[in-house]
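One line per chain: the protein sequences are S and E, in this order. Residue numbering for the first sequence follows this note's numbering, starting at 338 and increasing by one per position. Residue numbering for the second sequence follows this note's numbering, starting at 2 and increasing by one per position.
Some hints here could point you the wrong way.
Stated by the list, open to error - A few chain S residues that don't get close to chain E, going by computed Cβ distances all over 10 Å:
#1 Arg378
#2 Arg383
#3 Gly393
#4 Glu406
#5 Met450
#6 Ser471
#7 Leu474
#8 Asp501
#9 Ser511
Stated by the list, open to error - Stretch by stretch, here's where chain E covers chain S in the computed footprint (C-beta under 8 Å, at least three residues):
#10 419-428
#11 434-440
To be clear, the hints were calculated from the coordinates, so they are not data collected in a lab. Yeah, the Cβ is synthetic: ideal placement off N, Cα and C, and Gly gets one too.
Below, each chain spelled out in residue letters.
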Amino acid sequence: MAKQTTLRDLTFRHILKMFPRNQLHTITQEEQAPTQQKPSRAWSGRSLWVRHLDCGSCNGCELELNALENPVYDAQHLGIEIKSSPRHADVIAMTGPFTRNLVEAAQLTVGAMPVPRVVLIGDCAINRCIYQGSYALAERPPEIEQAIIAEVPGCPPTPQQILDALCQLKLLGSTGHSQGNAPSSE
Amino acid sequence: MNPCWEDVFHNDIGRWEERYRWEFNQDHLVLKSGESLLADYRYLHEICQLLQQQAAYLVTIVANDERRLEDECFKLYYIFSHEAEDHFLILEYALQKHNSAKNLHPEHLLSRYLLDGRAYPSIRDMIAAARSFEREIFDLFDLASVAVDGSEALASADPLSELTPGGFLLHDPYPPRLAPLETGRKLEDIRKEIERYTAPTIAASDTSNGKPHEVLLSVGPIHAGIIEAGRFSFHIAGETVDDLDIQLGFKHKGIEKLFQTKFSVLDGWQLAERISGDSSFSHSLAYCHAVEALARVDVPTKATWLRGLILELERLYNHVADSAALAHDVAFNLISSEMAVIREYLVRLNAELTGHRLLRGVIRPGGIIFPPDQVKAIDSMTIDRMIHQASRKRFGTLKDLGETFHELGELLLRTPAFRDRALNTGTLTRSQALASGTTGLIARASGMEQRDFRISHPFGIYKLEPKLQEMVDLRAHVQHNQASKKLRMSGDVFSRLEMRLHEVDTSFQVIQHILQTLAITPADTLLAPDTKEAIRRAENFEFALGYVESWRGDIVYWLMKDRFNKIFRCKVRDPSFLNWPALRLAVIPDDPTQPDATGNILPDFPVINKSFNLSYSGHDL
Numbered sequence: 338m339a340k341q342t343t344l345r346d347l348t349f350r351h352i353l354k355m356f357p358r359n360q361l362h363t364i365t366q367e368e369q370a371p372t373q374q375k376p377s378r379a380w381s382g383r384s385l386w387v388r389h390l391d392c393g394s395c396n397g398c399e400l401e402l403n404a405l406e407n408p409v410y411d412a413q414h415l416g417i418e419i420k421s422s423p424r425h426a427d428v429i430a431m432t433g434p435f436t437r438n439l440v441e442a443a444q445l446t447v448g449a450m451p452v453p454r455v456v457l458i459g460d461c462a463i464n465r466c467i468y469q470g471s472y473a474l475a476e477r478p479p480e481i482e483q484a485i486i487a488e489v490p491g492c493p494p495t496p497q498q499i500l501d502a503l504c505q506l507k508l509l510g511s512t513g514h515s516q517g518n519a520p521s522s523e
Numbered sequence: 002m003n004p005c006w007e008d009v010f011h012n013d014i015g016r017w018e019e020r021y022r023w024e025f026n027q028d029h030l031v032l033k034s035g036e037s038l039l040a041d042y043r044y045l046h047e048i049c050q051l052l053q054q055q056a057a058y059l060v061t062i063v064a065n066d067e068r069r070l071e072d073e074c075f076k077l078y079y080i081f082s083h084e085a086e087d088h089f090l091i092l093e094y095a096l097q098k099h100n101s102a103k104n105l106h107p108e109h110l111l112s113r114y115l116l117d118g119r120a121y122p123s124i125r126d127m128i129a130a131a132r133s134f135e136r137e138i139f140d141l142f143d144l145a146s147v148a149v150d151g152s153e154a155l156a157s158a159d160p161l162s163e164l165t166p167g168g169f170l171l172h173d174p175y176p177p178r179l180a181p182l183e184t185g186r187k188l189e190d191i192r193k194e195i196e197r198y199t200a201p202t203i204a205a206s207d208t209s210n211g212k213p214h215e216v217l218l219s220v221g222p223i224h225a226g227i228i229e230a231g232r233f234s235f236h237i238a239g240e241t242v243d244d245l246d247i248q249l250g251f252k253h254k255g256i257e258k259l260f261q262t263k264f265s266v267l268d269g270w271q272l273a274e275r276i277s278g279d280s281s282f283s284h285s286l287a288y289c290h291a292v293e294a295l296a297r298v299d300v301p302t303k304a305t306w307l308r309g310l311i312l313e314l315e316r317l318y319n320h321v322a323d324s325a326a327l328a329h330d331v332a333f334n335l336i337s338s339e340m341a342v343i344r345e346y347l348v349r350l351n352a353e354l355t356g357h358r359l360l361r362g363v364i365r366p367g368g369i370i371f372p373p374d375q376v377k378a379i380d381s382m383t384i385d386r387m388i389h390q391a392s393r394k395r396f397g398t399l400k401d402l403g404e405t406f407h408e409l410g411e412l413l414l415r416t417p418a419f420r421d422r423a424l425n426t427g428t429l430t431r432s433q434a435l436a437s438g439t440t441g442l443i444a445r446a447s448g449m450e451q452r453d454f455r456i457s458h459p460f461g462i463y464k465l466e467p468k469l470q471e472m473v474d475l476r477a478h479v480q481h482n483q484a485s486k487k488l489r490m491s492g493d494v495f496s497r498l499e500m501r502l503h504e505v506d507t508s509f510q511v512i513q514h515i516l517q518t519l520a521i522t523p524a525d526t527l528l529a530p531d532t533k534e535a536i537r538r539a540e541n542f543e544f545a546l547g548y549v550e551s552w553r554g555d556i557v558y559w560l561m562k563d564r565f566n567k568i569f570r571c572k573v574r575d576p577s578f579l580n581w582p583a584l585r586l587a588v589i590p591d592d593p594t595q596p597d598a599t600g601n602i603l604p605d606f607p608v609i610n611k612s613f614n615l616s617y618s619g620h621d622l
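Okay, chain E solo, but in the shape it has when bound (with noise of 0.2 Å):
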């Protein structure tokens, strides 16, 4: 047991041993559940209300069939971190058949799950952010969570009533109790009972249900301008927005179904690269973290440190964007206009060095490669040709272009007119913050410094050089600097943008610090040579964790391969799916009986929408 999660349990471990199972490994601990049931729905809230109380924070619910593995049942694998331990605590729950026949009604719904083994307690009680994850399970492996309070309310609650509204991933067109994810069904097989079914026809509902005289403004799925797809309904009376609905899943591809049936563990970076665009390195390099560690590849020294500068230089281009699209949606033309040219060099400079303007085809499992018509020697000169290269020689080093980007940041944070609309608009308060489990730059806009990968679980670069981890490490800076150059952290458009523009100076940080000391020549390994024996030698039906610090947040990836070197089960987690939540209770009034005074207004949710700037295709896969 881990010094933190021991504080984190007391001195009950001994109570929690009677029931469960831990299990060491690299990177985390399991928990594994014990025999009966009913008795786990206790313990697993139990657990559940520990954890929040401690401040763990919920990174991720697997489900994965394991219907014909050792255990026979469906399993959920609940994966928790705490700020302050590396390891991960993984609880593990096997869902089991319900055969106790006095509390059910066999014509009920329910029951049919109980008895199919499909059922499993509810925890979005105490922790908000398993609501998304449960209903996620619902639509793709159709078992449903149930509110618990006693085995009595099993039979009389209704699951289904809180999970169906709308259909998260899986919309009108998909039959219900699809279950897609289910092992051994083959994509035929499903995309013909899709195809066979059609949605009856629902006469358009009464959408009045909000309060007398409010109006339901509905927006999207496509939107008017360049945005990903996505569902906005605005209650409004008046000028502020009341309530907001956010329905996404217009983007489901199935991308989890494809990981299972089309690619084998060695292949897999591929479809990583295209779950969002924007993050198609970190993600990558999250999925060969997975691969890494299941196999227990060593990748070597300068690929990592190679991987690190590509990871800071993915985080550029993006804070720029948003930076720039904000300063655009605010109608502060100059400087949009300024910063998008710094990041067409940006997209510019990772095209010279990796041949894709994304960043994408450099990473495989075990290192990095190189297209080979690329140059191969990288130091902090070839950078500073790039960069000259790529602004056509307006800047002459990076660190120019980073001290340009800089003023333009100050000169937007200063101006009156931006301060009036950013201040106070869209604020995520750091209580709401804590308990929707946001996590990433939005975190730590609202000021929950430490929900940081690259401090909390060092991967890659971070773990090598402890040094880095000082240079990100948010406590530090605001310890270390006088109250003029504090960061806000209150949460509101402008915490956020003011996050941003201090991420691209540490990043800048970063990247000095790391061509300071890589150079890498053309006689350098970076590729591990072993990969795809190691990854055949690895076991089966483990599995292994793959994490990453995107410039939206950590990126997790759940891994299983089976017996043929295929991959079982790869389970995604996006930032975005944990923040999305979060965003509407940005926009929402604080108090509802006071909308007008702690509340925000329409126009400025495009403003608010674009500081979270989520990714839709990473929250629908």
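Same shape as in the complex, but just chain S (with noise of 0.2 Å):
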């Protein structure tokens, strides 16, 4: 079987640039369509349910998050909706440049999902940004390391970015593209 592209070191950008927006949905028929090698497996349909996880934010990324749900944006008719159990998720959507006060918790999140998925929203998530050699921050564990699917880069990433990178991750996800650590079906 063919290496599935693994979206693990990619940014957003990356992302968008693989599948520029007029090209997606071709892209996705192609993958959808029947070919001899077994298709990977879906784990998203015409829907991604979505759990906010707070790390230590500065609460920036928390109120364009928020602005997902206003009526200007209105995430829920893309089928992208903030659920409140990582239970019910399937991406979590993390925040913050991980503090330690805040490692057993975001530990106990992550694991109750079926599968870990974890998209970082804001640069503090991805590199800790302006944070960087803080005493107060603690390297993620690897079971959430593996997990991150996405980045969304910004200080914070503006409503109309989070909502396209949902989107497009939607899409993948329709296509079994970025399963996370999911077991793997074969």
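Build the complex from these two chains, which are given one at a time in their own frames, with help from the hints.
This is the structure we're talking about:
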């Protein structure tokens, strides 16, 4: 089987480059078209349920995530819904540079997902940005690190950028990309 | 001595002067501590008692490691403010080594603190707001506050039993007595020390320490929604919440240490912007005020006006967002959606004006700077054009938007279902607010009309234009309006919303007034030219205060630079730090014997919490 594309090390901009918006539809259809190869398992359909997890952000990213629910962006009409339990979520939107005091809570939250998948929201989640080097920040434990499937840069990213990223992710998920650390179906 | 502080100290000045040295400065006067520790215990108490009686209010306590400086000891700075006085009163307290061995048991932990010069008298019994500060200082500096009523108590008191539970900012992952903020300790070393440490596993403790049949409901630190992290433990027996423990510190990012180790005075605004995202501009403005006070930089007048305008824009979008969120929490979706749309338009106006939706990146010590591709001509017309564009042609002017929002607010306040939910819910009485040292909008909604730095410590634009002070002055509003338009100000959820809506209205007025006067052309200088030079010339190891009345309340920065123009110590005090204890008081019953009549039920908590809307990140730093 061909090596599956992982988005682990790619930023959202890379993803956009790989799948320009006007081509995305065709790509999706191609991928879904029956081929000789066994199609990889899709983990999202026409919706994407998101759980927010704050790991010490400055609350700028929270403001912009909140804005997704207002009628201007109205993420729900695209099937993107913010859920209140990680057990219901397809992905976790993780914000903040990962503080030591939240390590345990974050592990429990990600561990409670059926299949752990994490999207990093904001620069400080991606590379700690301005907080780099602080004594109060911890390394992300491997189970969270492995579950990261996409990154949305920005300080904070605008709601439009977050929405675009989540939509792309939804489509990629429906083609079986970015499995996270789901047990392989083979 | 200033007239007001003179009043406070009556005729006893002579007595204080024996022990203390007064020093005057631009915006504050300093009371320096004398020689002997034990003598000072009593004096510090006496002064604090006096200040408490005279309704002075504790702004912040700054601990500073000055062991390598002139006085070779830790120092505490107690900063007080009085509503009738523009100058701050700063009590400087030097912690001294306590060598008299007669009361000390060598094995006793406390005696170690005393011998090291790490113990200081606690004032939390007199001033409730000091409690959080003392716990913070214990975590970050390893200085213990000792309850004192005489020197005998020193040996027997165990200061740690009071201070340690759970850790305030440094939780289980951190080794005890870490003291990360001591100067001279490298970030690298602190990190290694923490990583070497493994927390002892403690058997799950018995949580039934409450009354019989009481349920402890622990919520958090991760909440079901897009909220920050903090733990609330509700003690419930029946329907009402009997008690509430709020545990914060989960988002502790070591910001004050980062200020010390990684930023020069000129660059610190970047970190200040990221302390609490929703108050990005006010935090960086307060930081810049501190730098400008330290270096005595004169900000160009037009830049000051522009800062005033941006500060009001921040106040607007946050108050609008909060009103929307409160309407959402009581399930009034029509209002909440409409308000959220208006909030989005305002944020887009921010982006049009400054290039960033949360107003980041425009402020510098010494003025304002715009990105090169941004419009540089700003007047009433351009703002209206921007809002026209931002609102997709729905609103022609900013005034239209203000009127629409006002109508929505009135509708919300009139709706019986909302009144039923909000009236008498989560009441924080005036005396509670006063005693717990509450500040900002929360305090004003509880009837403390004067707790407003725009009036009591005017800064920037409010100093330049007294007319603006009149506009925001609640006292004038209360006096001039008829009974029908009076604000409720009784400290419940309703009052807090009403106060928010009122502040939105005054904010629109202030913006109108600014735009009538302000006309910025590309030719204007908005940045003082020689800030860097001025910082270099400024005295090393002198401190300066910077303060701003943000939308949440007063933000205070205490800044000291070292001889390399780096930050020696930057203490940040977000209004949330003082207001979190007040949230507990608002939730628990006023009269514990009659919880049903005076308490709140569990589903009220989200509404009360939302009406406070405090910053977790600003508290945890």
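Going down the list of hints, with the structure as the test:
no.: 1; hint: Arg378; result: holds (28 Å)
no.: 2; hint: Arg383; result: holds (23 Å)
no.: 3; hint: Gly393; result: violated (4 Å)
no.: 4; hint: Glu406; result: violated (8 Å)
no.: 5; hint: Met450; result: holds (12 Å)
no.: 6; hint: Ser471; result: violated (4 Å)
no.: 7; hint: Leu474; result: violated (7 Å)
no.: 8; hint: Asp501; result: holds (16 Å)
no.: 9; hint: Ser511; result: holds (25 Å)
no.: 10; hint: 419-428; result: holds (count 3)
no.: 11; hint: 434-440; result: holds (count 6)
Hints 3, 4, 6 and 7, counting from the list given before, are not met by this structure.
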